[in-house]
Structures are given as structure tokens and as C-alpha cells.
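> Could you put the whole structure together from the sequences, leaning on the hints where they help?
Chains as they are written, first to last, in my numbering: chain A, 1 to 470; chain B, 471 to 648.
Just so you know, the hints here were simulated from the structure itself, not pulled from any lab data.
Since this is a predicted model, take the numbers as computed values, not measurements.
Accuracy of the hints is not assured; some may be wrong.
To be verified - With a Cα cut of at most 30 Å, we get these calculated DSSO-like pairs of lysine-lysine:
1. A:138 x A:151
2. B:475 x B:585
3. A:402 x B:553
4. A:105 x A:155
5. A:379 x B:585
6. A:105 x A:134
7. A:402 x B:475
8. A:134 x A:110
9. B:581 x A:379
10. A:281 x B:553
11. A:402 x B:581
12. A:402 x B:586
Said to hold, decoys possible - Across the chosen pairs, the derived CB separations fall in these ranges:
13. B:532 x A:90: 45 to 51 Å
14. A:141 x B:606: 41 to 47 Å
15. A:412 x B:575: 39 to 45 Å
16. A:413 x B:532: 24 to 30 Å
17. A:102 x B:613: 40 to 46 Å
18. B:496 x A:270: 49 to 55 Å
19. B:626 x A:147: 16 to 22 Å
20. B:475 x A:437: 35 to 41 Å
21. A:87 x B:606: 34 to 40 Å
22. A:154 x B:532: 30 to 36 Å
No residue lacks a Cβ here, since even glycine has one placed at the ideal position from N, Cα and C.
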Amino acid sequence: MPYLKNLAARYSEFYTSSHKIKSVVMKVQKQSNDTPIEQSFIATCAMPQKTDYRPLKVALLDINERLENRLRYFFSDRCQGDYVVAVDPQSADICLIDLDGLRGKSYWAKHAERQHNCPAILLSLHKTEVENAKWLQKPLQADLLHSELEKIREKLHLQQRQVAPVSLPKPSAETELALSGHHQELRNKIKSLQALLKKEKIRRTQLSAYRQDGQADNPPLLSEPAYAATKQISVGEQETKNTAPFIGSTPDVDLDNETQLAWVQYDPKRFLIGRVQKAVKLAETSGRPVSISSSHGSITIVPMTGEVLVEIDGQRLQSLASQPVNDDEYLLSVQDSVCDIPGQTHRRPVEAFVWELTLWTSLGRIPVNVSPNNTVVFKHWPNLTRLQIFPQATRIAALWAKQAHTLASTAQALEIPQRYVFSFFSAAHAIGLATTEESINEKIATEENPIKSNGNKTLFQKILRQLSLH
Amino acid sequence: MDNYKILFAGPVSAGKTTAITSVCTTPPLTTEAQATDISRDSKTTTTVAMDYGTMQLPGIKTLHLYGTPGETRFDFMWDILSKGSTGLVLLIDNTHPDPFSELHFFLRAFKKFTKKSRIAIGITKTDICISPRINDYQAQLRNVLPNIPVFSVDARNQIDVALLVEALVVSLDLELAA
Ligand SMILES: Nc1nc2c(ncn2[C@@H]2O[C@H](COP(=O)(O)OP(=O)(O)O)[C@@H](O)[C@H]2O)c(=O)[nH]1
Ligand SMILES: [Mg+2]
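Below is the structure:
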């Protein structure tokens with residue numbers, strides 16, 4: 001199928017360009033004392049990419065949860081981030097409407113009436129004649145959708161994709177103060193990276209992995225190969241936007257070195273994910289819905305269905321996930337019933353939600369509450385078709401399923417940057433599928449006094465037990 | 471290895487023919503014929519000999535995908551097609567009244583692959599019937615097979631099937647490299 005052909009084309013493109021990249025990498029290495037390159041590398045590592053290029057926003061109207069997840073993946077993977085899900089349908093560039101949905105037809109009627117300048121793609125199982133819009137049959141064919149989106153892009157004349165150079169802001173005393181929360185964290189990260197780069201050692205080992213000639217003979221499969229890091233170093237453009245939301249961009253560290261270890265650790269309790277995990281536990285013990293309310297909207301764990309109702313849209317949630325939380329920012333409360341307002345809330349299985357939120361939080365780091373140097377205990381493969389996947393996920397899972405490895409030895413064995421391993425570990429850990437040896441013993445020690453729940457274990461309780469493993 | 475022969479097995483109507491059609495690069499070769507009485511309520515045609523298609527993986531690999539007939543009256547084909555196969559994709563229909571017995575039946579029938587754990591399992595039609603869940607299947611396998619990929623798969627969905635095949639192939643790669 002053309003989809004796979006295209007993928008193949010994408011990879012062969014990579015393999016040819018990888019030679020160019022390799023030479024750039026070598027140059028970077030040679031000029032290791034050259035400050036501008038060092039600086040831009042650091043900026044690329046730690047700061048989001050600023051580009052003139054703007055992905056097109058696609059409003060998903062009456063698209064079910066499952067299809068939405070797939071589309072998100074399709075946009076970021078197949079379309080390489082050229083399209084994103086629109087937060088506000090009013091500001092969308094393109095509308096995608098499922099006519100078979102409950103409100104699909106009325107959305108389309110309204111859209112046809114008002115938003116003439118926003119092209120629409122309509123979906124339905126059965127052939128439907130429509131005017132002024134493109135119709136596609138379900139199940140959706142990736143190729144058809146892609147070519148329709150590309151046609152619209154052409155029409156909208158939004159093809160300029162020039163990357164503006166990223167420069168590192170020079171902090172003054174005031175700006176230093178103004179850099180609160182997230183920015184301060186980034187700043188700290190940059191500082192640590194600068195210290196790290198001075199030593200040069202780590203980057204060299206990292207880079208040398210990509211210079212090995214064997215690389216092209218052993219290409220990864222459908223997941224993206226371990227080239228994100230190399231490309232970041234060279235140009236820091238497109239590739240980061242695919243993987244950065246899940247993998248971050250932290251360089252490899254020596255996990256035996258306490259200072260370096262701290263750079264790649266995060267404390268889930270200090271982030272939204274910590275609140276969510278607390279709410280999940282509370283929902284389990286109380287058997288009732290638990291809401292996390294905040295000024296951004298609410299998140300409700302519903303134990304009866306094993307779902308989460310989320311009022312906060314995906315992009316907002318993604319940025320909230322990586323920001324340290326204040327004590328009073330998110331309040332937990334046990335509910336008597338669930339208020340599910342169609343159109344305002346978003347339903348997701350608990351597992352998929354926790355997995356993704358963890359990826360957004362972890363950004364290539366590991367939780368503080370695991371022993372980083374012990375062997376990984378991998379319970380079983382995650383159900384990857386229903387979770388947000390990212391490059392290298394299948395290779396890491398396959399390795400852990402067959403061989404005992406530590407986090408560091410996993411990255412070495414697969415010849416990939418550690419951050420891929422750390423992200424995968426964090427997500428699998430959050431849904432109870434991975435931990436490290438010592439934390440199992442700790443768990444047994446703390447489980448002496450297990451919470452007694454009424455004998456009749458529901459499916460959800462089983463899931464929750466897994467989710468609260470650590 | 472440059473070429474892998476991957477076998478798709480599982481009960482009638484699990485989605486083998488559909489799965490191969492979803493991912494293969496060239497139009498697949500199928501051998502559909504009138505189904506016997508047993509499978510007629512669910513669909514009118516069934517694979518009688520085999521399905522065949524190739525899937526091009528980025529880089530150097532071509533995967534040759536073979537679909538077995540689901541009906542046991544054609545089980546002689548299972549052995550024939552197993553010869554020279556590197557790995558097995560087992561599809562189990564979640565709407566079956568007893569999917570676990572189907573699972574164990576097919577694991578026994580394809581011992582050659584299970585012995586070396588060259589297998590990945592796709593649970594189909596989870597959109598129609600949500601239970602058993604993937605974790606329940608993993609629990610069934612815990613004492614039978616080492617850790618293998620078990621995913622929810624809609625055979626009509628390219629990404630689902632491709633991801634399952636990828637999981638199998640990366641596992642095979644590791645094993646063959648060892
Ligand atoms: N709803 C649904 N239908 C599916 C799924 N997987 C396969 N099917 C359908 O199941 C039917 C039987 O599939 P087929 O490939 O002929 O099964 P085979 O006997 O294993 O070759 C086809 O109509 C498929 O479209 C799924 O996950 N969900
Ligand atoms: Mg068939």
C-alpha cells in the first residue's frame with residue numbers, strides 16, 4: 001500500500017540524508033571548542049523550536065475518541081507534525097466532521113452556513129453526496145486523507161517552512177527573576193547542559209554511536225530510527241517536533257554519577273501526573289468518581305467505566321503536564337455522580353490517559369522513586385496499539401521481554417539515546433508494567449498492610465492495582 | 471535476515487485475510503470460497519488455501535505474509551505454510567464465546583512458533599466486544615509463554631496491523647541476532 005511505500009520513502013530519504021548529517025556531526029565534533037555551535041546545540045536541546053512554519057489546525061467535529069487518537073498519531077507521525085488538532089474549532093484551518101456521529105450532520109450544516117473559508121473533509125460509512133467539501137469513506141484510508149490534507153494545504157498557500165535560527169536568550173537580573181516555573185527549569189537545564197558539554201565525554205559517546213557504519217545495515221522498522229538526536233545536533237528542525245513532546249531532548253548521562261542522575265530524574269508528585277495517580281488510587285479505594293478540579297478545567301476518574309473525563313484540551317494538558325504544580329492548584333474531591341457534558345468533556349481509558357500524561361511529564365526522564373541502576377522488571381508488553389507510541393518503543397519492549405537489562409544497558413544494547421528508554425520506562429512504570437528490581441522489594445515491604453477492599457474485584461480495580469503499583 | 475516469511479493464523483473470521491489486505495504493499499492473493507456451515511452465519515466466504523501478500527518494511531526487509539485458512543478441515547495447510555516461516559501472527563476474535571480456548575487451541579496447533587516464542591497475538595473485534603481485556607489474555611499466557619506482544623488489533627486498520635507485525639519482527643530480530 002502506498003502508505004508503507006511512503007514510509008519507506010521517508011526512511012530512504014533519511015538514510016541518504018543521514019550521510020550529510022554524519023558529516024555535520026563530525027564537523028561539530030571537530031569544532032568542539034567552537035562556542036556558537038555549542039550554544040545553538042544547547043538552545044536546540046532545551047528550548048522549543050521557534051519557526052515561521054505553522055502546522056495547519058484541524059478541528060475534529062464529532063470524531064470519536066478512538067479515531068481522534070489515531071488522527072493525532074497520524075498527524076504527528078505520517079504527516080510529521082504538518083497538522084495538529086485544533087483546540088478551538090473557530091480558529092481551525094480545516095474541519096474534519098464525522099457525519100455518522102450524533103451531531104455530525106448538524107455540525108456540517110452549521111459549518112456550511114458560516115465557515116465558508118474553512119475547507120471541510122466529511123467522513124461517513126456510506127457514500128454521501130456533499131457540496132463544497134471533500135467526502136471520504138470510513139474506515140479512513142491514511143493515503144487518501146493525507147492527499148486531501150495536502151491538497152488543502154496547497155490551496156491555503158502555507159508551504160513556507162523556513163526554520164528561523166534559535167538563539168539563546170541572554171538573561172539579565174530581571175529576566176532571570178521573570179523566568180518562573182517552567183522557564184526556570186529550562187534555564188537550569190541549560191546550565192546543567194552547559195556544564196555537561198564542557199566535559200565533552202558524554203556527547204562523544206553519543207555521537208560515536210551514529211558514526212558506526214553498521215547503522216544503515218540494521219535499520220529500525222516502522223518506528224522512527226534513532227536519528228532524532230543526530231538531526232537535532234545538525235539542524236534542530238523538523239524531527240524535534242515529532243518526538244520532542246514525548247522524548248524531550250536531554251543528552252545521555254552517567255547514571256552512576258549523582259549530579260548527572262539528577263538531571264534526568266523527575267518527581268511525579270510535583271507534577272499533574274502525581275495528582276492524577278493520587279486520584280486514581282482514591283477512586284479505587286472509594287469506588288466513586290474522583291475529580292481533580294483546577295482553573296484550567298477538571299479531570300474526573302470514573303471507576304465504574306475505567307475511563308477519565310477530561311475537560312482540558314490536549315494541547316493545554318500537554319503544557320500543564322510539564323509544569324511543576326502548586327499545592328492548591330489541583331483539588332481532589334470524591335463525587336457522587338459524574339457530570340459528562342457532551343462537547344466539553346473528553347473520554348479516555350485511564351490507562352491511555354496516564355501513559356500519555358506520563359510521557360508529557362517525563363520528557364525523557366525517569367521518576368525519582370525507582371532505583372536507576374537496577375535491572376528493569378518488565379511485566380508484559382503494553383497494548384501499544386491503544387497507547388501513544390513513539391520511536392523505539394517496540395524495540396525497547398522486545399528487548400526487555402527477552403533479556404534482563406538496566407536502563408543504561410538498554411540504551412547501549414539498542415544503540416539509542418537514553419531518553420527513549422527513560423520515556424518508555426516512565427510510561428510503562430506509570431501503568432504498572434515496569435519497575436526496577438529494588439523498587440519491587442520496597443513494594444513488598446510497604447504492602448504488608450494492604451488496603452482491604454470488598455472481595456468482589458472489578459476489572460477497574462484490577463487496572464487500578466496495576467496503575468498504583470509503585 | 472532480509473526476507474521474513476510471516477504466517478497469519480487464527481480461527482475463521484478473526485480477520486486474517488483482512489489484516490493481510492490492510493498492510494500489504496501489492497494487492498494480495500486470496501483464495502476465498504463458500505464457507506462451510508459452521509462459519510456461514512458469520513460470513514459467506516472463507517479462505518480455503520491461503521492468502522499471500524508482501525509488506526515492504528522501510529530499509530531492506532520484505533515481509534512475505536501468508537494467511538492460513540481458519541477452518542480445521544484445512545489444517546493440513548497449516549503445516550505446509552509453516553515450513554520456512556520465521557514468525558507467527560495469531561489473530562483471536564474477541565467476539566467468540568470462548569476466546570481463551572481458541573487461543574490455547576491455536577497455540578498448541580502452532581507449537582513450532584510458540585516453543586521459540588516467535589509469535590505476536592492480535593485480539594480483533596474489541597470494538598464489538600470489549601472483554602476479555604488484553605491484560606486477561608496476558609494473564610492466560612503468563613505460565614504458557616514468555617513475554618510476547620499482545621495488542622488489540624482492528625484487522626481493517628493499517629496502523630494496528632503494521633504495529634503488531636513490527637512488534638513481532640523486532641522480537642525476531644533480537645532473537646535471531648542472539
Ligand atoms: N468490527 C470489526 N470487524 C473486524 C475486525 N477485524 C476484522 N473484522 C471483520 O471481520 C470479517 C472477517 O474477516 P476475514 O479477514 O475474512 O477473516 P479470516 O477468516 O480470518 O480471514 C471482515 O468483515 C472484517 O472486516 C475488527 O477489529 N472489528
Ligand atoms: Mg480468510
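> All hints are to be evaluated individually against the structure, with a verdict given for each.
Taking the hints in turn, this is what the structure says about them:
no. : hint                      : verdict
1   : A:138 x A:151             : holds (19 Å)
2   : B:475 x B:585             : holds (17 Å)
3   : A:402 x B:553             : holds (24 Å)
4   : A:105 x A:155             : holds (25 Å)
5   : A:379 x B:585             : holds (20 Å)
6   : A:105 x A:134             : holds (14 Å)
7   : A:402 x B:475             : holds (21 Å)
8   : A:134 x A:110             : holds (16 Å)
9   : B:581 x A:379             : holds (23 Å)
10  : A:281 x B:553             : violated (50 Å)
11  : A:402 x B:581             : holds (19 Å)
12  : A:402 x B:586             : holds (11 Å)
13  : B:532 x A:90: 45 to 51 Å  : holds (47 Å)
14  : A:141 x B:606: 41 to 47 Å : violated (32 Å)
15  : A:412 x B:575: 39 to 45 Å : holds (41 Å)
16  : A:413 x B:532: 24 to 30 Å : holds (26 Å)
17  : A:102 x B:613: 40 to 46 Å : holds (45 Å)
18  : B:496 x A:270: 49 to 55 Å : holds (52 Å)
19  : B:626 x A:147: 16 to 22 Å : holds (20 Å)
20  : B:475 x A:437: 35 to 41 Å : holds (38 Å)
21  : A:87 x B:606: 34 to 40 Å  : holds (37 Å)
22  : A:154 x B:532: 30 to 36 Å : holds (33 Å)
Of the numbered hints listed earlier, those contradicted by the structure are 10 and 14.
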